[in-house]
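Chains as they are written, first to last, in my numbering: chain A, 140 to 411; chain B, 140 to 411; chain C, 140 to 411.
Treat the hints as calculated values from the structure; they're not laboratory data.
Some hints could be false.
[Unchecked claim] Which chain C residues face chain A? A few, computed with CB under 7 Å, are given here:
#1 I287
#2 T291
#3 E330
#4 G409
[Claimed, not checked] The calculated EDC-like cross-link candidates involving lysine to aspartate or glutamate, where the alpha carbons are at most 16 Å apart (straight line), are:
#5 A/K342 to C/E384
#6 B/K342 to A/D160
#7 A/K147 to A/D160
[Unchecked claim] Footprint (simulated), chain A over chain C, 3 or more residues, beta carbon under 8 Å:
#8 296-302
#9 335-348
#10 371-379
Just so you know, these numbers come straight off a predicted model, no measurement behind them.
Beta carbons: idealized from backbone N, C-alpha and C, even for Gly.
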Amino acid sequence: MEMFEVLKTRTDGQVLFAAIDNPPINLLGPALVRDLVSLIRILDKGDTYKVVVFSSANPDFFIPHVDITKIAEYREIAAQLVGEPSLALLFRRLSETKAITIAQIAGRVRGAGSEFILACDMRFASREKAIFGQLEAAFGQVAGGGAIQHLTRTLGRGRAFEVLTSSNDYDADLAERYGWINRAIPDRDLEDFVDALALRIAKFPHQGLMDIKERINAISLASVDDLRKDSELFGRATQFPETKERYKKIIGLGLQQYGDTELNLGRVLGEF
Amino acid sequence: MEMFEVLKTRTDGQVLFAAIDNPPINLLGPALVRDLVSLIRILDKGDTYKVVVFSSANPDFFIPHVDITKIAEYREIAAQLVGEPSLALLFRRLSETKAITIAQIAGRVRGAGSEFILACDMRFASREKAIFGQLEAAFGQVAGGGAIQHLTRTLGRGRAFEVLTSSNDYDADLAERYGWINRAIPDRDLEDFVDALALRIAKFPHQGLMDIKERINAISLASVDDLRKDSELFGRATQFPETKERYKKIIGLGLQQYGDTELNLGRVLGEF
Amino acid sequence: MEMFEVLKTRTDGQVLFAAIDNPPINLLGPALVRDLVSLIRILDKGDTYKVVVFSSANPDFFIPHVDITKIAEYREIAAQLVGEPSLALLFRRLSETKAITIAQIAGRVRGAGSEFILACDMRFASREKAIFGQLEAAFGQVAGGGAIQHLTRTLGRGRAFEVLTSSNDYDADLAERYGWINRAIPDRDLEDFVDALALRIAKFPHQGLMDIKERINAISLASVDDLRKDSELFGRATQFPETKERYKKIIGLGLQQYGDTELNLGRVLGEF
Chain A
140 MEMFEVLKTR TDGQVLFAAI DNPPINLLGP ALVRDLVSLI RILDKGDTYK
190 VVVFSSANPD FFIPHVDITK IAEYREIAAQ LVGEPSLALL FRRLSETKAI
240 TIAQIAGRVR GAGSEFILAC DMRFASREKA IFGQLEAAFG QVAGGGAIQH
290 LTRTLGRGRA FEVLTSSNDY DADLAERYGW INRAIPDRDL EDFVDALALR
340 IAKFPHQGLM DIKERINAIS LASVDDLRKD SELFGRATQF PETKERYKKI
390 IGLGLQQYGD TELNLGRVLG EF
Chain B
140 MEMFEVLKTR TDGQVLFAAI DNPPINLLGP ALVRDLVSLI RILDKGDTYK
190 VVVFSSANPD FFIPHVDITK IAEYREIAAQ LVGEPSLALL FRRLSETKAI
240 TIAQIAGRVR GAGSEFILAC DMRFASREKA IFGQLEAAFG QVAGGGAIQH
290 LTRTLGRGRA FEVLTSSNDY DADLAERYGW INRAIPDRDL EDFVDALALR
340 IAKFPHQGLM DIKERINAIS LASVDDLRKD SELFGRATQF PETKERYKKI
390 IGLGLQQYGD TELNLGRVLG EF
Chain C
140 MEMFEVLKTR TDGQVLFAAI DNPPINLLGP ALVRDLVSLI RILDKGDTYK
190 VVVFSSANPD FFIPHVDITK IAEYREIAAQ LVGEPSLALL FRRLSETKAI
240 TIAQIAGRVR GAGSEFILAC DMRFASREKA IFGQLEAAFG QVAGGGAIQH
290 LTRTLGRGRA FEVLTSSNDY DADLAERYGW INRAIPDRDL EDFVDALALR
340 IAKFPHQGLM DIKERINAIS LASVDDLRKD SELFGRATQF PETKERYKKI
390 IGLGLQQYGD TELNLGRVLG EF
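All chains, full assembly: derive it from the sequences and hints.
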């Protein structure tokens, strides 16, 4: 198997288990984007894996958000696969690849972390340990990696507005009630539940699974144009003085470090 | 600030709190439509308010429905803003204005009252005191102010069919489970919850909030053509003999008055 | 009234109650499809029934799936009404007919059984006795009768993926949380609840109900092209060697008979 930088992988039959392990807090930066590009290229072949399970090696963070000091850099890496510097289009390509993808979530998934799990085919989360948020509004930005598209279609207009404009934290029970995830599962049962589901699906014929995937995607995936638009709005705002100032301020408060600000970011942004 | 006829307003920074106060029962008639036209014109400027919270000054009624004796009249007032006599198009304009709108609901929201809150960006309701209904089917009419569009997209086909054909009352817990509202909140906590959310959102940059709004609306708002069609079907039915007869009968039973018929309209319509 | 083969009917005013009674296990085969064709022709006239309630005469099975030994045969019967051999298009015609349709569900609804209830306008299920499943993935097939279209739109992308690729059983509470059904109702209350709702709706003017139905359908029904595509993918797979082999194996295990395999099909398919 291709070696990954920050994905720790193991296989069980045609199921690939990939744990994100990018200390200190699993930021989505160049290393993880490089790994995703490599992984999608493997999965696109459709000959090795039927199912992929993504989890985190870090108990507090799944993916807290992008590395805001390396936005241009990871975008360029995404462009190697999708032809333009857009995380939204990279995630769309993940949604289209030839495996069923499952996110097994404990810890924080915020910003592009939430957008990554939304690009997976299913999401199951630790009732006690998963925390969800879209924090872009607090910085004067739109969610540029697909959250607007997925959340509006799945949660409905009102709940999408709340999540996307509040920049607040949501626990797993509320995320389940809103439809952000398939289900909140007691933490002690989560791994067994996802393992069983992944292995079950992997017993079924690949062609049928891919036909189902193609038909669901035809209904539910946003167009490349819509995702490109969101991506460009996000990118444009990174150059706004007010956004830059807020980035600077939150970094001063400890963003991107393992500590109180990252652990309680929803609260911190409300006091901003 | 512009003076309103039936909206009692106060401001806190860039949040406008507007309580509907139109005795005896907060019917949606010419006065409230005039106020909404005025308010949308203020919000469209985008320079004063980031967030608007709508509530009711009446503990039993938020908006029970339109004043069925003044349909032609309030429609003409709506036309002053949207160019045609349609509540659906007025509400669509509200959904597009340059502020985040939140409905804080206690009491009854039925018919166009429900359509008004559906046109807001978010909805939070008193678990004990909010009651929801679309009563048009009982009169041989479609919901003409946008409910068909919003409810079908948000609740899904089956629940939209139930709500729209049953003309029954739904409590806040069921409304939450169906997705009609964001959340049912214990009555004692509702005001504090909404205040905190509104003030939180108002701290974030206006341009980002409006970009998010534009992108959510592009996915979730029904087209002008679809809303016009619903509006015309509603208006056409007001001229049907059976609809007129049912209007007359329900007015004889006490519709539009503060009393048992309005308080328990879901039940009354089932005995119709 | 026209005589049906496997629908046991009674009427109460303008409500038709139709119980499926096709021993041993209510398979969807030529007899039920003939009855549905006859029924749709009656309902299309729009002059006798406002509401139809479908239930099952069998306590364990509502419709467990199609008779997999008679796929070509029942498809040809469907073609007599819709012009092409497709259950998806027959169900779409049911969704468009001139009555409000309600499924009152106890027992198992899997595969095309689930697709039948999804084509009804509303679904209420016994909390204790209803079991739901889409089993096609286990055989290398897509759900060909409309489930992909309905479930993706109503449950959202993630939950649709789970249900459609897991081929597992879901109880009524989870089906309600996912939006597969309107509500799970305690078994002892289910019949009274549905009776009251059906009789209530039947009091309202027919034209208004049909206007509401036309407007909801315009938003929520999949196109004929999309359903035809699903239907063709399902049909094509019936000729795949792997699908044929799995059909043969499951029949050997007792499929289509009243017994453990049919009662616990979700579990059995996981051990396949």
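- Query: Any hints this thing doesn't respect? Which numbers, in order?
  - Reply: 3, 6 and 9
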